[in-house]
Amino acid sequence: MRAPSVAEIAAGDVLLAVEGVSLAFGGVKAVSDVSFDIRKGEIRAIIGPNGAGKTSMLNVINGFYHPQAGRITFKGKTRRAMRPHAAAAGGIARTFQNVALFKSMTTLDNIMAGRSLKMHKSFFWQIFRHGPALSEEIEHRKTAEEIIDFLEIEHIRRIPVGKLPYGLQKRVELGRALAMEPDLLLLDEPMAGMNLEEKEDMSRYILSMNNYYGTTIALIEHDMGVVMDLSDRVVVLDYGRKIADGTPDEVKKNKAVIDAYLGVAH
Amino acid sequence: MLYREAGQFKTNYASDLAVFPILQDRMGIAAILLVAFVAVPYFGNDFLLQAIMIPFLIFSLATIGLNLLTGYTGLLSLGTGAFMGVGAYACYKLETLFPGVNIIVWIVTAGFASAAVGVLFGLPSLRIKGFYLAIATLAAQFFLQWCFVRIPWLFNYNTSGAIEVGTHTLFGIPITGPNATSTTRYLIALSIVVVMTWFASNLVHGRIGRMWMAVRDMDIAAELMGIRLLPTKLLAFAVSSFYCGVAGAMLVFLWYGGAEADVFSINQSFFILFMVIVGGLGSLLGSFLGAAFIFILPIFLRYVPPHVGMSIFPATVEHITFMITGGLIIFFLIVEPHGLARLWQTAKQKLRVWPFPY
Chain A
0 MRAPSVAEIA AGDVLLAVEG VSLAFGGVKA VSDVSFDIRK GEIRAIIGPN
50 GAGKTSMLNV INGFYHPQAG RITFKGKTRR AMRPHAAAAG GIARTFQNVA
100 LFKSMTTLDN IMAGRSLKMH KSFFWQIFRH GPALSEEIEH RKTAEEIIDF
150 LEIEHIRRIP VGKLPYGLQK RVELGRALAM EPDLLLLDEP MAGMNLEEKE
200 DMSRYILSMN NYYGTTIALI EHDMGVVMDL SDRVVVLDYG RKIADGTPDE
250 VKKNKAVIDA YLGVAH
Chain B
0 MLYREAGQFK TNYASDLAVF PILQDRMGIA AILLVAFVAV PYFGNDFLLQ
50 AIMIPFLIFS LATIGLNLLT GYTGLLSLGT GAFMGVGAYA CYKLETLFPG
100 VNIIVWIVTA GFASAAVGVL FGLPSLRIKG FYLAIATLAA QFFLQWCFVR
150 IPWLFNYNTS GAIEVGTHTL FGIPITGPNA TSTTRYLIAL SIVVVMTWFA
200 SNLVHGRIGR MWMAVRDMDI AAELMGIRLL PTKLLAFAVS SFYCGVAGAM
250 LVFLWYGGAE ADVFSINQSF FILFMVIVGG LGSLLGSFLG AAFIFILPIF
300 LRYVPPHVGM SIFPATVEHI TFMITGGLII FFLIVEPHGL ARLWQTAKQK
350 LRVWPFPY
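First to last, the protein sequences are chains A and B.
Numbering-wise, numbering that gives the first Met the number 0 puts 123 at position 124 of the first sequence, and it's gapless, one number per residue.
Numbering-wise, numbering that gives the first Met the number 0 puts 15 at position 16 of the second sequence, and it's gapless, one number per residue.
For the record, the hints were derived by calculation from the structure and aren't laboratory data.
Everything numeric in this text was worked out from a predicted model, so none of it was measured.
One should not assume that every hint holds.
What the hints assert, rightly or not - Among chain B residues calculated to face chain A with C-beta under 10 Å, some are:
hint : residue
1    : Asn11
2    : Leu16
3    : Ile207
4    : Arg209
5    : Asp216
6    : Glu222
Claimed, not checked - Negatives, chain A to chain B, calculated, CB over 12 Å:
hint : residue
7    : Thr72
8    : Ser207
9    : Lys254
Quick reminder that beta carbons are idealized off the backbone N, C-alpha and C, glycines included.
Please construct the entire structure, taking both the sequences and the accompanying hints into account.
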């Protein structure tokens, strides 16, 4: 599969749309009246200075926070707020800013856990671990191994992820999200705290995922070089408001964006 | 030296997914089962079977039960004793209401009653965790123990307030009550424990086990991956209480031959919790090691001085036993905070690379 061009994306189907979403914690307005859409097959970056409400936005999208106002349309279905389970079942996966892996489980188990929703064999077969339960396990193991191959983490298959270095943990977390075979993948700062080489590797995986699996990706990132190179369209938040939305080139020239990042003279 | 997996290649996922992928491990398990099923009943005397092996098996089963909940799912419970009690009383009621059915069926069925009660008291676990959940299960412990004393229907209005076990047979051989030999009761207990350990091992190595551990390690991530927290936690409570319930029923029917509510007190809950912690959280092998350490070691210590010809006052022996056991628990927890199971893991790793250090 080839990555769609910008023109194709602009004409493509909207996978997810948020309209007028506002989220407040007491008096703190994390997100106010933000609307944007994510189209099928694109890499959509969400950027903004610290505290702009980017992570809150992702939490709204996968149902962890319930906004006070606004609507979310995912795959043509409009609702007030997502529920975590519905979001996962509908095909939204995510990674976290500070790695949220299952630390005492091995890489393989983490990735297999990502396939929990796809495994259905009942408790009865599970206690025997024979017949349908075992063949299901083997079938999903194959998929897990494909992901392990794809992310080049064969050598850490059996190691508890808590013992892995940070860069590899990030990669395993990506693998766990990928194991859900998501339609929409939310990446919260996938390259935070990485060196140049690791960032390049990670960018390569993200692009390949987008190309080969056709996964739509929404990405929060602070490294502007990475954002501008990877993404098809960028939405910029500042103090919970949307200040710009468009292609990387448009956003780069936007006055409000430059002001938000560099500050304005008073 | 002998413990090497070199040359044991796996060519398909089925063999790689085996619980014991290494040949030596499989041989070890076979040897242990052989000793347990043949050598122990053949060579063991009444004391070994009645005072050591039967209770060891029963406590191991209860420890596995609590380990599924606390070690695998990360939910701390202090209600183990009460859940064991539910199993025991349920078994007693079922046995007296339907005497025609084989007692082994009722011992296992009693687990379901315990599972139901466990689910009920597990409901708060969605909202509360850690020490606070422990307090909620403590409520279960006290409430259920109160029921065992205050609801006479549970003990069939016996004036003694205790439940008594009559003689039941299997193929004409008495398996419970005063006429059953310790060998038969041991073999029944062993069979139940082996089968249930196998089930537990299958569960924790599959999808359900991974879901439990995911909830334990990072519940938010688990939820966002589509693992529903409440059903997963309640399933853990159900399975855990089932194991404890069966262990409780076995305790009364295959070991004590009768019991009062006191047996299922908070002390019993702590006793099982110690076994889980000393053995190793999240390890089935650890459940057996923990039960052996906490239960068998004191007995062993008590019988060593007389056998080596030291004549110590029995009360003194009792006190020294307490002190040594307590000291050893602290020693092992300092040496290996993750329990005896981790110690065994480390030893295996050392054996694997021997004679090289790594």
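Now the hints, each set against the structure:
For the restraint placing B/Asn11 at the interface with chain A, the shortest Cβ-Cβ distance is roughly 8 Å, inside the 10 Å limit, so the hint holds. Annotation: interface hint on B/Leu16 holds; nearest CB of chain A at approximately 6 Å, less than 10 Å. Proximity of B/Ile207 to chain A holds as hinted, the smallest CB-CB distance being about 5 Å (cut-off 10 Å). Among the interface hints, the one on B/Arg209 holds; its C-beta lies about 4 Å from the nearest C-beta in chain A, closer than the 10 Å criterion.
Against a cut-off of 10 Å between C-beta atoms, the interface hint on B/Asp216 holds, since the closest Cβ of chain A lies about 4 Å away. A hinted interface residue such as B/Glu222 counts as satisfied when its beta carbon comes closer than 10 Å to some beta carbon of chain A; here the least separation is about 5 Å, so the hint holds. The Cβ of A/Thr72 lies farther than 12 Å from every Cβ of chain B, with a closest approach of about 20 Å, so its non-interface assignment holds. With 12 Å as the threshold on Cβ separation, the claim that A/Ser207 sits away from chain B holds: the shortest Cβ distance comes to roughly 22 Å.
At roughly 37 Å from the closest C-beta of chain B, the C-beta of A/Lys254 stays outside 12 Å, upholding its exclusion from the interface.
Checked against the numbered hints given earlier, the structure satisfies every one of them.
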